[in-house]
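Keeping the supplied structure of chain L fixed, place chain U upon it in accordance with the hints.
Residue numbers (our numbering), protein chains in the order written: chain L, 22 to 384; chain U, 1119 to 1442.
Keep in mind that a hint or two might mislead.
With a Cα cut of at most 27 Å, we get these calculated DSSO-like pairs of lysine-lysine [what the hints assert, rightly or not]:
{"hint": "1", "chain 1": "U", "residue 1": "LYS1246", "chain 2": "U", "residue 2": "LYS1178"}
{"hint": "2", "chain 1": "U", "residue 1": "LYS1239", "chain 2": "L", "residue 2": "LYS213"}
{"hint": "3", "chain 1": "L", "residue 1": "LYS307", "chain 2": "L", "residue 2": "LYS339"}
{"hint": "4", "chain 1": "L", "residue 1": "LYS292", "chain 2": "U", "residue 2": "LYS1438"}
{"hint": "5", "chain 1": "U", "residue 1": "LYS1211", "chain 2": "U", "residue 2": "LYS1323"}
{"hint": "6", "chain 1": "U", "residue 1": "LYS1178", "chain 2": "U", "residue 2": "LYS1211"}
{"hint": "7", "chain 1": "L", "residue 1": "LYS239", "chain 2": "U", "residue 2": "LYS1239"}
{"hint": "8", "chain 1": "U", "residue 1": "LYS1323", "chain 2": "L", "residue 2": "LYS239"}
{"hint": "9", "chain 1": "L", "residue 1": "LYS211", "chain 2": "U", "residue 2": "LYS1438"}
{"hint": "10", "chain 1": "L", "residue 1": "LYS205", "chain 2": "U", "residue 2": "LYS1438"}
{"hint": "11", "chain 1": "L", "residue 1": "LYS302", "chain 2": "L", "residue 2": "LYS292"}
{"hint": "12", "chain 1": "L", "residue 1": "LYS213", "chain 2": "L", "residue 2": "LYS339"}
{"hint": "13", "chain 1": "U", "residue 1": "LYS1399", "chain 2": "U", "residue 2": "LYS1178"}
{"hint": "14", "chain 1": "U", "residue 1": "LYS1178", "chain 2": "U", "residue 2": "LYS1295"}
{"hint": "15", "chain 1": "L", "residue 1": "LYS307", "chain 2": "L", "residue 2": "LYS292"}
{"hint": "16", "chain 1": "U", "residue 1": "LYS1438", "chain 2": "L", "residue 2": "LYS302"}
{"hint": "17", "chain 1": "U", "residue 1": "LYS1438", "chain 2": "L", "residue 2": "LYS364"}
{"hint": "18", "chain 1": "L", "residue 1": "LYS373", "chain 2": "U", "residue 2": "LYS1399"}
{"hint": "19", "chain 1": "U", "residue 1": "LYS1311", "chain 2": "U", "residue 2": "LYS1211"}
{"hint": "20", "chain 1": "L", "residue 1": "LYS292", "chain 2": "L", "residue 2": "LYS339"}
{"hint": "21", "chain 1": "L", "residue 1": "LYS302", "chain 2": "L", "residue 2": "LYS339"}
{"hint": "22", "chain 1": "U", "residue 1": "LYS1295", "chain 2": "U", "residue 2": "LYS1323"}
{"hint": "23", "chain 1": "L", "residue 1": "LYS339", "chain 2": "L", "residue 2": "LYS274"}
{"hint": "24", "chain 1": "L", "residue 1": "LYS213", "chain 2": "L", "residue 2": "LYS292"}
{"hint": "25", "chain 1": "L", "residue 1": "LYS307", "chain 2": "L", "residue 2": "LYS205"}
{"hint": "26", "chain 1": "U", "residue 1": "LYS1295", "chain 2": "U", "residue 2": "LYS1239"}
{"hint": "27", "chain 1": "L", "residue 1": "LYS364", "chain 2": "L", "residue 2": "LYS274"}
Here are some, though not all, of the chain L residues that point toward chain U, as calculated from beta-carbon distances under 8 Å [to be verified]:
{"hint": "28", "residue": "LYS84"}
{"hint": "29", "residue": "ALA191"}
{"hint": "30", "residue": "SER194"}
{"hint": "31", "residue": "ASN240"}
{"hint": "32", "residue": "SER241"}
{"hint": "33", "residue": "LEU276"}
{"hint": "34", "residue": "LEU278"}
{"hint": "35", "residue": "VAL363"}
{"hint": "36", "residue": "LEU374"}
{"hint": "37", "residue": "GLN381"}
To be clear, the hints were calculated from the coordinates, so they are not data collected in a lab. Remember, predicted model here, so these are calculated numbers, not experimental data. A virtual CB, placed ideally from N, CA and C, is assigned to each residue, including glycine.
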Amino acid sequence: MKSFFRNCHLKARKASFPPSLALLWGGQATKSAPTTRQMLVKYFDTSVMVLFLFSQVVLKIIKHYQEEGQGSEVVQGVLLGLVVEDRLEITNCFPFPQHTEDDADFDEVQYQMEMMRSLRHVNIDHLHVGWYQSTYYGSFVSRALLDSQFSYQHAIEESVVLIYDPIKTAQGSLSLKAYRLTPKLMEICKEKDFTPEALKKANIGFEHMFEEVPIIIKNSHLINVLMWDLEDKSTVADKHELLNLSSSNHLEKSLQLLMDRVDDMSQDIVKYNTYSRNLSKQQQQKHQYLQRRTQENAQRQSRGEPPLPEEDISKMFKPPQPPPRMDTLLIAGQINNYCQNVKEFTSQNLGKLFMAEALQGHN
Amino acid sequence: GVRRRMLSSAPPLSTLAAGPYWPASGVSHLPPSADCQTPIRCYHQSSSFSKMSVYGPVVKIHPVVLASICDSYERRNEGASRVIGTLLGTVDKHSIEVTNCFSVPHNESEDEVAVDMEFAKNMYELHKRVSPTEVIIGWYATGFDITEHSVLIHEYYSREATNPIHLTMDTALQSGKMSIRAYVSAQMGVPGKTVGVMFTPLTVKYVYFDTERIGVDLLQRTRLLPSRTKGLTSDLSQVAGSAARVQDMLTTMLAYIDDVLSGKVAADNSVGRFLMDLVNKVPTISAEDFENMLNSNINDLLMVTYLSNLTQAQIALNEKLVLL
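Okay, chain U solo, but in the shape it has when bound:
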C-alpha cells in the first residue's frame, strides 16, 4: 500500500526542479528506508552530459590525483570490483581544488558495505603533518555508476567535510573512455516524507602547476612506444625536440595557408588576424643592432663555458697533486 502510493504520487523528476538551481537531469537515489522494501532508483542521464548547466563550485583536479587513483585501482584486492578513497584539497569560494588523495580499504557485497574509517582518519592525520592546508573535501570511487552503497559512504563523508564532492572515474572503461565526473549531493523529495539524495554533477576542469605541466608533457610521450617507457634526455637534444615541435606546427599552418590561397578552404578572418600577430611578433631590429646583441650574448656564454672548463681542469689537477 505504501509503496504503491509512493509510486503513484512521485512526481516526474522534471517538476522537482522547483527552483532555478536543480538541473534538468541527474542521478538520484532513494535510500532503503523503512517504508519501502526495495529502494526506488531513477536514472536520468542526458546524452549531452557535459553541456548541462550545473550548480555548484567548479572542481579543479590535478593530474597527480588521477594517476594515484589509477594506481590504487590496479592494486586492488582480489574480488573487489572498485576502489574508494578520500580526496584532499582546498576549498575556494567558487571552486574546489583537489590536490591529493589516498585510498581507503573497504569491503563491498550485495547488501552491505564496510569502510575502514579508522584507517581513513589515521591517513588524514599523517597527510596533514606534511601539508597542513589540505582538508578532506570529498571522496572518490572507481566505476561508471553511482550505487546505493555510494549513498551510505557519502553520508559518512558528509560528517567529515561540509558538502563533500564525489568523484567517479571509470577505470573499467565501460564507455570506451575513462570518464571522470564529479558530483555533489543534494536533498530531494517531498518534504515531510522520505527524503532522497540526488547527486548533481559538477564541471570538472584539469589544472596544472607550471612544473606539473612540463612533467605531464614528458609522461605523455611514453604513449608512443610499445614498451611504454621513455628515458630522460638532456642538453641540446631537448631544445632540438622543442624546436621540432614548433616546426611541425608551422608546417600545419603553412599547409592551411596554401589551401586558403588556392581557394580550397574558405578564409577565416580571425585566423588571419592571429597569423598577422604571429608574423609581427618577430621584432624588427636593424641588422647591426641585432648582430651586436647576438655577439655579446654569444660571447658571454662562451666565456662562461671557458671558465667552467677551466675550473673543472683546476680541481682535477688539484686532485692529482694531492694524491701524489
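Looking at chain L on its own, in the form it has when it is part of the complex:
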C-alpha cells in the first residue's frame, strides 16, 4: 500500500500540446483509415458520447455559485479540456465576471484571452470546450442560451453547456447536466429561418432540441489519495438532506414557474391561431377575387370587350407575417424540463413518505 502511494506521484499527467489552429477553428486533420471515432459518429449521429469531468471542475463551479450567485442571477464560466477519442474530458474551468453596469468598458474577450494565456503557462489545458451556467429551478431553456451554445458549437463541434442546479444540489444530490444542440437544430440556427414551414420540413419537436451527454466523474490517483486523507481528517458529516421530508416550498416555486410558462405558451398559441385564421381567410379572399375576375372576363368576352388586365394578386393581398416558431419551441422545451424536474421531485418525495410511514408503523 505504501509503495502504491509513493508511485502515485510519478504518474504525472503529461502537458497537453496546443492544438493547431486549423483544428480549433473547425478544420479536421486528414486521417487515412476510419478511426473508431468516425465510425461512432456515423452510427450515433453525435461525435461525443460521454463527458469526463474532473473533481476540481465540480468544486470550482460549486464555489463560484456560492460566492457570486445568491439570488436568481446566473453565473457563467468557461470550461477547458481536451477531446480524447470519443469522450470529452473537462479538466479545468474559470469563472466569468458578471455584467456590471459600472464596468462598461470591460472587455470580455480580452479577459478570456489573458486567462487562457496565463493558464497555458502553467500547463493547464487551454482548449475551449464549452461553458457552464447555473440555473434557477431548472429554467435555462432560453434564447440567450441557444444563441451562445450555437456560436460555441459552430466554432467547436464538441462543445457542451454544463448546467448546474444549486438549489437541487442543496437538497442532497449534485445536479450537473451537460447538453448539446442536436445537429437538426444546428441546421435551423444556421439558416436563421424560424418560419413554421422550415421547422415542419426539418421535423423538429421540442424533444429534439437538446441532447444530454452522460457525465462521469473521474479522478486521478493523487486526488484519490487526497479524498482518503480528507475523509480521515474531517468527516464529511452526513446530514442526509436528501431524506428531508419538507417539500412544499420547492414544489410551490416549481409550479409557479411552470404556470408562468404555460401562460406564455397559451399566448403564443393564440397568436399562431390568429395567424393561421388570417391566412385561411386571405386564401378564401384570393380565391373569391380570382373567381370574380374570371367571371367578369367571361362576361366581357361575351360582350366583345377586351378583358381586364391580370393584376398582380400578390400585391393586392399581402400575406400575413408568419410568427417565428422558435420561441414556441423554446417554451415547449422549457415546460418539458419543468415537468421532468417536478416528476423526479415527486417520485423522490413519495419514496420518503412511505419510509416515514414504515417508521411510524413500527412505533
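For chain U alone, coordinates are given in the frame of chain L:
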C-alpha cells in the same frame, strides 16, 4: 571566527521562547547572510505535531484549493520537483479562510530561485475581477519540508500581504500520507545580530459550504472503483442510496447494543443518552392523524405528477398539430 561565535552563543531553541507566544518547537531557518558562509538550519519537529498549542489564526481550507494544488502538481514541468502558487481568500479576526488559489511558474535550482512575479500579479488582477472580496493571503508549495528558497519566496509574499501564511502539501507522499500544514512566519534571533525567520505552524481546519459538502460526498465515492469513475445518478436511486447508508449506521448501532446487552462491551452512559434521544426523535402521533397527514401529502404529490404528465402530453399534441 564569526561562525564559531554564532554557534557557541546560539542559545538552544527552547530558551528563545521568551514570551508565551512561541511554541516549543518549529522549523526555523537563518537566511544566508553576509556573516556566515552557509546558512545554519535547525530542525525541530515534534512527533505530536497536531497537538501543539499554536499561536495565530486558524486556517480554514476549502477542498477546491486542495484539488487545484493536486492538479497543478500533476501538470508540473519536467524536472521541477515542486510547484508553488498564490493563495487567495478572506481574513477574519481569528481565522483565515482560503477559498481559491492559482499556480505560479517558477524555477528552482541549488542556489537560486526565480518566481514569475509578473504572472502572479496578472493572475491576481484577473481573479479579482470575478471575486473582488478575495485577497492574497499567502502562498503554497508542494513538498514535505520548508527549504531556504521558501524563505525568499515568503519574503516576496510578505510584500503583497500582511503576515502571509505558507501552506505545504506533501504530494510526494513522503510520510505515507498527504500531510497538509500551514505556517506563519515570525522573526527570531538575538536582536541586533542576524535575524532569522521561523515558521510557526497553525491549526488547519477543513470547511465546506453545504453544496460543497454534497459535491465532495459524491466525489469521494469514486475511490471505490478501480477505474476511479462514477456516474451521476438521479431520481429514486439517490433516495435509496441515502436510505441504505442510514440503514448501515443502524446495523452498526444494533450490533453495539447487542454487545452491551450480552455484556461483551461495557455500557457507556453518554452513548445511552444519545440512543434515547434518537428513539425519542421519531414523533409519537396518533395513528389517525398520521394517516391523514400522509394521505394528504401523497395526494398532493400524485396530483402534481398527474398535472405535469398532462402538460407534457398537451405540448406534445400541440407540436404534432402544428406540424400537420
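Practice problem: Identify whether the interface hint at L:ALA191 stands, where standing means a beta carbon of chain U within less than 8 Å of its own. | Solution: Holds, because the Cβ-Cβ distance from L:ALA191 to chain U comes to roughly 5 Å (cut-off 8 Å).
Self-check item: Hint check: 8 Å Cβ-Cβ cutoff, L:SER194 to chain U
Solution: Holds. Min distance 5 Å.
Practice problem: Measure nothing beyond the straight line between the CA atoms of L:LYS302 and L:LYS339; if it is 27 Å or shorter, mark the hint as holding. | Solution: holds (12 Å)
Quiz prompt | Given hint L:LYS274 paired with L:LYS339 - CA-CA distance at most 27 Å | solution = Status violated; Cα separation ~45 Å.
Self-check item: Satisfaction of hint between L:LYS339 and L:LYS292, Cα-Cα up to 27 Å
Solution: holds (18 Å)
Quiz item: Does L:LEU278 pass the interface hint, meaning its C-beta sits closer than 8 Å to a C-beta of chain U?
Solution: Violated - the Cβ of L:LEU278 stays beyond 8 Å from chain U, reaching only about 12 Å at its closest.
Quiz item: Within 27 Å, alpha carbon to alpha carbon, are U:LYS1178 and U:LYS1295?
Solution: Distance ~20 Å between U:LYS1178 and U:LYS1295 Cα, so the pair holds.
Practice problem: Compare the distance between the alpha carbons of U:LYS1438 and L:LYS364 with 27 Å, and conclude whether the hinted pair is satisfied. | Solution: holds (23 Å)
Self-check item: 27 Å Cα cutoff - pair L:LYS307, L:LYS292
Solution: holds (22 Å)
Quiz item: Hey, does the L:LEU276 contact hint survive, CB to chain U under 8 Å?
Solution: holds (7 Å)
Exercise. Below or equal to 27 Å on CA atoms is what counts here, so check U:LYS1211 against U:LYS1323.
Key: Satisfied, since the Cα-Cα distance of roughly 16 Å is no more than 27 Å.
Quiz item: Straight-line Cα separation of L:LYS364 and L:LYS274 no greater than 27 Å?
Solution: Satisfied, since the Cα-Cα distance of roughly 14 Å is no more than 27 Å.
Going down the numbered hints, you'll see the structure goes against 2, 7, 13, 19, 23, 25, 26, 34, while the others check out.
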